[in-house]
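These protein sequence lines map, in sequence, to chains Z and R. Using the working numbering, read the first sequence as starting at -2 and increasing by one per residue. Using the working numbering, read the second sequence as starting at 17 and increasing by one per residue.
Wrong hints could be hidden among the right ones.
[Unchecked claim] Simulated restraints on C-beta separations:
#: 1; chain 1: Z; residue 1: R338; chain 2: R; residue 2: L53; range: 27 to 33 Å
#: 2; chain 1: Z; residue 1: Q85; chain 2: R; residue 2: N323; range: 22 to 28 Å
#: 3; chain 1: Z; residue 1: R338; chain 2: R; residue 2: F184; range: 37 to 43 Å
#: 4; chain 1: R; residue 1: L346; chain 2: Z; residue 2: G209; range: 30 to 36 Å
#: 5; chain 1: Z; residue 1: G209; chain 2: R; residue 2: N323; range: 31 to 37 Å
#: 6; chain 1: Z; residue 1: Q189; chain 2: R; residue 2: F39; range: 56 to 62 Å
[As the list claims (entries may be wrong)] Derived coverage of chain R by chain Z (criterion: at least 3 residues anywhere in the stretch with Cβ under 8 Å from a Cβ of chain Z; other residues may be distant):
#: 7; region: 79 to 86
#: 8; region: 183 to 194
Hints listed in this document are in silico derivations from the structure and should not be mistaken for laboratory results. Note that the structure is predicted; figures quoted are calculated from it, not measured. No residue lacks a Cβ here, since even glycine has one placed at the ideal position from N, Cα and C.
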Amino acid sequence: MNKLLALTALVTLSSFATAQKNTTLVWSGAITGPTSDAGSSYAAGVEDYCRYANAQKMLSVTLTCVVRDDQYNNANTQRNFEEFVGNQNVPVFLGYATGGMLQIKGVVQETKVPTLPASYHIGIIDPPNNGYMFLPVSSYSENIVALLEWVANKERGAKVALIVNPSPFGRDPVVDARKAAERLGLKITDVQEVGGNNLDNTALLKRLEAQGAKYIINQNTAGPVANILKDAKRLGLLGKMQFMGAHYTGGEDLTKLAGDAAKDFVWATSYYMYDEGDQPGIQLVKKIGAQFERKADTIRSVHYTSGMLAASIAIEAMKRGGKTITAASVYKGLTSMNGSRAFNPGFTVGPVTFSAKDHVGAENLRLLQADATGNFKAITGAQRSKMFQLVHPLK
Amino acid sequence: MPASRFTQTGNYRVRYQQDQTIFATSAEQASLIVGVLLLLALPLLLPKTLLRDVNMIMIFAVAVLGLNVTTGYTGLINIGQAAFMGVGAYATALAATRLNLPFFLAIPLGGVAGALVGTFVGLPSLRLKYLYLAVATLAFQIIFEWLVGHLPVLAQGGAISMPTVQVFGIRDSFLNHNRFWYYLILPVLVGLGLLWRNVLRTRHGRSFIAVRDNDRAAAAMGIHPGRAKLTAFMIGSFYAGIAGGLFAYFQKAVVIEDYGLHTSVQLLAMAIVGGLGSLPGSFLGPLFIVALDRFMGNASEWLGAQNIFPQGVDAATALRPLAFGLSIVLFLMFEPRGLANWWRLVRLYFKKWPYKF
């Protein structure tokens, strides 16, 4: 009997020791399907940073990097979560789409596995079931409120129109935007929904022009925004209207699609740009991209940087959590990222800070404007929206 | 009378009563019992993640059964089945969260909501046929998505979390989720399958088939084609509503993206691949499509790891949608009667095997 017990203990210990040699970093997102233009670069960022971390021996264990295509399908996201969290005990889950992330909120809360989405929808970290969801950067809502603040500084009482994606991703910031506009003395003349099949926006733009809307804020993806900009140029509205947008509207993707119609577009994002080569994070992006022989378009995409940020946060949290990497230790590592222990991989315009109550990572953002060459140049310093705290107090 | 109660090598039916039996032989009854027993034991044999796929197959099978009622048996093309599922899902979610109804009342309520909306949406079928009716149901799909996206009570398409279910003291949790729901979905699927099998034996079931084959001839025989069409829409969308309610609980939240046009197309593909107008096809179609998707997912992951494709081509991940499209085209070209026909051929072979004449 004693021998049997000793053997059991030995097997348990040896399997425990084996488990400590490896851990898995998994990302589930859209490499194909809707929004895969952003998803494929994001996936490359996650994968490459993970490989880089292994090469640099950032952790005492070997990281297995898994990048799963969930095709923007919520059921596939859930299956991936169950497979990796339930069966393989992965200590942290990197997710993607708004719908999928909203759907797994309850399961994330139940399993207590920290989860970092690529969607910056504020509802993901709103109560209930918000204990283990962490946004890597500032939310779409804060992006839009910051843009409204910029408008209010330029022109008090200005008329603003919102063009949003017909989805929870697009619609959610509208409530906060309305509240902020009221406080800022701005008038929201219209909220229009535009999806990815907007081939002709003449009627939309003429309607907004007739309403006297001078500032058009987009909460969408780059494709539909590019079509709007091209139509605005054709109609001679680019000088009369100032087009703006939240994180997923801008960057290289927009200038590539819209060409010179993207000129003067004002964009809110927390990330540094590819052409800011003096930033250590961008130097790292270029180095890793070249090391793993990524195409120039992929490396230049802000989504490649976003994927790297998500992976770097997860790996840093693993490192900080202690010798044994578990969901609890990753949570501990994540929530230690504040004050003097804030994490700054250099990808964003401010450090990544988390605590038990603070679930927004890089809270700072900048407004950038596209120049004639298609590059986005910062027109503000790193900042936080003052109004956002008032219209959407985070619990 | 058949030569044997256990086997049947020919058609020995001489009375209408015999023609209306669900099971032609004792072997069929026995095989159903054995099949159900095997299904009951399945969760003990399958890994957890595979069980999730089985649950998805069963939920889709309920929806495809409904689609077969309208499209397969009555010939009314329906491209909005996912929207009917969505009606059921949202109705179930509202019943569970606003009215605090338990799941065993909320899910049937979802079915009733689906049936009511389905009957209303079926009204154009009184005047429209074929492609025109397809467009009408497609319109409903689009209207449904738009409507949900604009209604604050439905979270504008965002997530409505479902309450946790408890049955006989066993609570649905992350660890037992798939097994828990397997034992709840299975009886619903078997029950609804048997119900439809019984409806088919009634004058309603026969009138559906008559309307599908030739509605003018059906009218000449005294069948009211309009009533038959609306009844078919009502039953078909009831099944979809039930599937939506089950899906809502199984996914733990209702999100509009799950009930979009792509899901409707997927359900239609399942019905085609399984075999339109066939009961076994309603199970085989979802099984094939979900298994194909799973297999292609694994294959693409393996291919991706081989680094044989140039960067940016994403040939590996394109395998899944490619296989999906290709399977529909190939089935339409080479086996329009679907997998149900293969099932029929296998059964036919064993009827004669081993050469008992």
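Taking the CB of G209(Z) and the CB of N323(R), does the distance hold inside 31 to 37 Å? 56 Å, violated
Closer than 8 Å, Cβ to Cβ, for at least three residues: run that test on the region 79 to 86 of chain R against chain Z and report holds or violated. Not satisfied, violated; 0 residues make the cut.
Annotated coverage of the region 183 to 194 of chain R by chain Z, confirmed only when three residues or more have a Cβ within 8 Å: holds (count 5)
Please check whether R338(Z) and F184(R) have a Cβ separation lying inside 37 to 43 Å. Violated: the Cβ-Cβ distance is about 48 Å, outside 37 to 43 Å.
So the hint says 27 to 33 Å: do the beta-carbon atoms of R338(Z) and L53(R) match that? About 58 Å separates the Cβ atoms of R338(Z) and L53(R), which means 27 to 33 Å is violated.
Using the Cβ atoms, figure out if Q85(Z) sits within 22 to 28 Å of N323(R). 23 Å, holds
Does the Cβ distance between Q189(Z) and F39(R) fall inside 56 to 62 Å? 59 Å, holds
Is 30 to 36 Å right for how far apart the beta carbons of L346(R) and G209(Z) are? Since the Cβ atoms of L346(R) and G209(Z) sit about 56 Å apart, the hinted range of 30 to 36 Å is violated.
The structure does not agree with the numbered hints 1, 3, 4, 5 and 7 stated previously, though it agrees with the rest.
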